[in-house]
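With the sequences and hints as input, model every part of the structure.
Residue numbers (my numbering), protein chains in the order written: chain E, 1 to 173; chain L, 174 to 551; chain Z, 552 to 645.
These are calculated hints, taken from the structure and not from any lab test. Wrong hints could be hidden among the right ones.
Unchecked claim - Pairs of lysine to any residue residues, derived as SDA-like cross-links and limited to a Cα-Cα distance of at most 20 Å, are as follows:
#1 E:Lys104 - E:Tyr65
#2 L:Lys178 - E:Ile142
#3 Z:Lys554 - L:Phe392
#4 L:Lys367 - Z:Val561
#5 Z:Lys554 - L:Lys178
#6 E:Lys57 - L:Thr179
#7 L:Lys178 - E:Pro81
These figures come from a predicted structure and were not determined experimentally.
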Amino acid sequence: MIEIRFHGRGGQGAVTAASLLAKAAGLDGKYAQAFPAFGVERRGAPVRAFCRISERKITLRSQIYSPDFIVVLDDTLLGLPEITEGLKKDSVAVINTKSRPQLKQKTFCYDATSLALEMLGKDIVNTAMLGVFAKASGLVSISSIEKAIEENFPPRLAEVNAKLVRTAYERTE
Amino acid sequence: MTVPKTVLEGSEAVAEAVRQCKPGVIAAYPITPQTHVVETLARMIADGELDAEMIRVESEQSAMAACIGSQATGVRSYTATASQGLALMHEILFIASGMRLPIVMTVANRSLSAPLNIWNDQQDSIASRDSGWIQLYVEDAQEAYDTHIQAFRIAEEIHNPVMVCMDGFVVSHTYENVLIEEDSKVSEFLPEYKPLFSLNPKKPVTMGALGTPEYFVRFRKQQQDTLKKALETISKANEEFAKAFSRKYGNGLIETIGMEGAKHAIITMGSVTGTIREVAEEAGVGIIRVRSFRPFPAEEIRKACEGLESVGVIEKDISIGASGALYDEARSALYSLKNRPKVSGFIAGIGGRDITPSHILEIAKKIKEGEERTEWVM
Amino acid sequence: MEKLNEGAVVAEPGSSSRKKTGSWRTFRPVVTDKCVACGICVLHCPEPCIELKPSKDSKASSGKIAVIDYDYCKGCLICMNVCPHDAIRKEMER
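Written out as structure tokens, the structure reads:
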């Protein structure tokens with residue numbers, strides 16, 4: 001079972017990202033579970049969301065304390081201790097940033113904000129970061145993420161977000 | 174079983190089940206964490222996927238009152254609530270059950286104020302346990318979906334309302350793989366609602382009349398007899414459901430997991446069972462999951478606990494000033510066993526406190542020590 | 552013991568009409584010839600047992616007079632108290 005923890009700010013779509021990832025994993029024929037760190041949602045406040053992906057049925061219900069991946073939607077959160085809390089030596093960080101933050105773990109950095117501004121006209125980076133994550137992890141197929149977006153967004157938003165996720169995927173190294 | 178490719182939020186899965194059960198009236202008032210269920214149903218009605226009347230009432234008390242009214246006219250009726258909403262509904266719960274109206278209600282379990290807390294525990298539905306409603310507690314989204322379909326059938330078969338309790342957020346707001354069955358298969362499983370009596374000007378009846386003491390006591394006894402009989406109805410619904418859809422949950426009343434040869438066990442309800450499953454083997458305990466809390470399956474619990482050295486009850490409620498409700502009832506069920514196991518109680522997950530595998534391992538260690546105690550997992 | 556319907560449903564309609572309450576009376580209201588059939592007593596009667604009916608004794612242009620159904624009248628005398636014409640008096644019931 002792979003455990004992924006999303007970190008973002010209220011309004012950036014961390015919860016949607018986690019659920020889209022779970023839906024994509026389902027389309028890939030895997031078991032998946034996604035849930036927010038239940039709380040009182042406020043725009044701009046740090047939020048967490050969780051996703052588990054497994055070949056077997058997932059019954060574990062607790063929050064994720066020792067993730068295999070973290071996905072950070074906003075690099076201004078990087079100073080918070082809760083971001084790196086519980087990371088293992090072989091955990092992987094996927095970060096939306098222009099800079100090169102130094103983590104002990106393997107890190108994928110991508111400037112999703114610029115791409116989102118360019119393609120959406122808004123700094124909503126959750127879908128772009130799913131593309132980055134798909135490439136970095138190899139856990140879910142990019143086509144399933146595109147399909148999950150198409151099935152869950154209104155048509156116009158779906159089209160541009162599907163393009164966005166594909167572009168981020170292709171540009172991630 | 175192949176992996177269900179659809180990943181849905183627990184609340185959406187419940188809404189799908191309710192849509193397929195085709196209620197004619199839905200009356201509800203919004204309260205976290207139940208809102209996603211009714212919002213989804215409202216969308217379904219607006220999109221023409223469900224032909225039902227959505228009554229937007231001014232309180233939960235009115236929601237239940239409206240359901241009583243519509244169900245009394247012979248229309249399948251549904252509502253959902255949680256926490257303070259269920260508390261506000263309390264008075265009317267007894268009227269629905271006393272009038273023997275087979276209303277189905279989802280409770281997205283949440284704590285009761287004060288202090289204000291929106292998170293999950295099971296204090297709300299446990300506080301309604303004496304209301305004459307059947308209470309079924311589910312473990313995950315699939316079971317939430319399945320149990321709602323069963324609930325309408327159980328309710329209508331024995332003319333008694335059913336509460337389906339799913340942990341708020343932990344099930345209601347969590348996305349999971351869920352298999353949604355064909356509409357036609359659900360219709361086949363759930364026959365059309367045929368009320369015993371209904372309000373109809375062409376054939377007038379009186380409902381909700383005064384019951385003087387000599388009658389009242391007999392009606393109460395009728396309710397008690399019906400809920401005892403419901404043990405069988407719930408088991409049967411579970412069996413028939415398994416025949417139709419190839420999924421079943423223990424014997425419908427309790428589900429035992431890893432109990433073969435076990436000397437120790439955890440008795441619990443709801444979604445925390447999943448977390449316990451993860452570590453039960455490592456912890457050296459079996460699991461007895463209580464699915465039906467009302468009616469209480471005392472006999473089944475006795476049978477499951479026969480020969481055990483110790484059991485521990487993990488529950489998300491506290492009858493303040495006494496013990497956990499499940500602990501009290503499980504312990505009292507075991508009283509008549511000749512060699513009854515030691516019973517300890519653990520109050521956990523209150524007000525949304527996360528229950529982790531390491532909590533379970535710690536609890537299991539204490540259960541095995543065999544000392545009878547009640548403890549809080551803070 | 553008779554069988555009780557689930558949910559305390561009274562499935563046979565009309566029990567109110569079968570149960571006559573006239574014997575409850577201590578006083579009997581009696582409509583006198585002052586009645587102008589204004590209908591105020593009809594509105595106030597808690598048992599709906601007063602009706603305006605055509606009568607040759609009527610002084611009203613409608614040709615009607617208040618008639619009390621003594622099978623159901625419990626003798627509360629509200630009709631007597633509300634009558635603006637003092638047209639209802641009471642008699643001790645024997």
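**OP:** If any of the earlier hints don't hold here, list their numbers in rising order.
**Re:** 5 and 7
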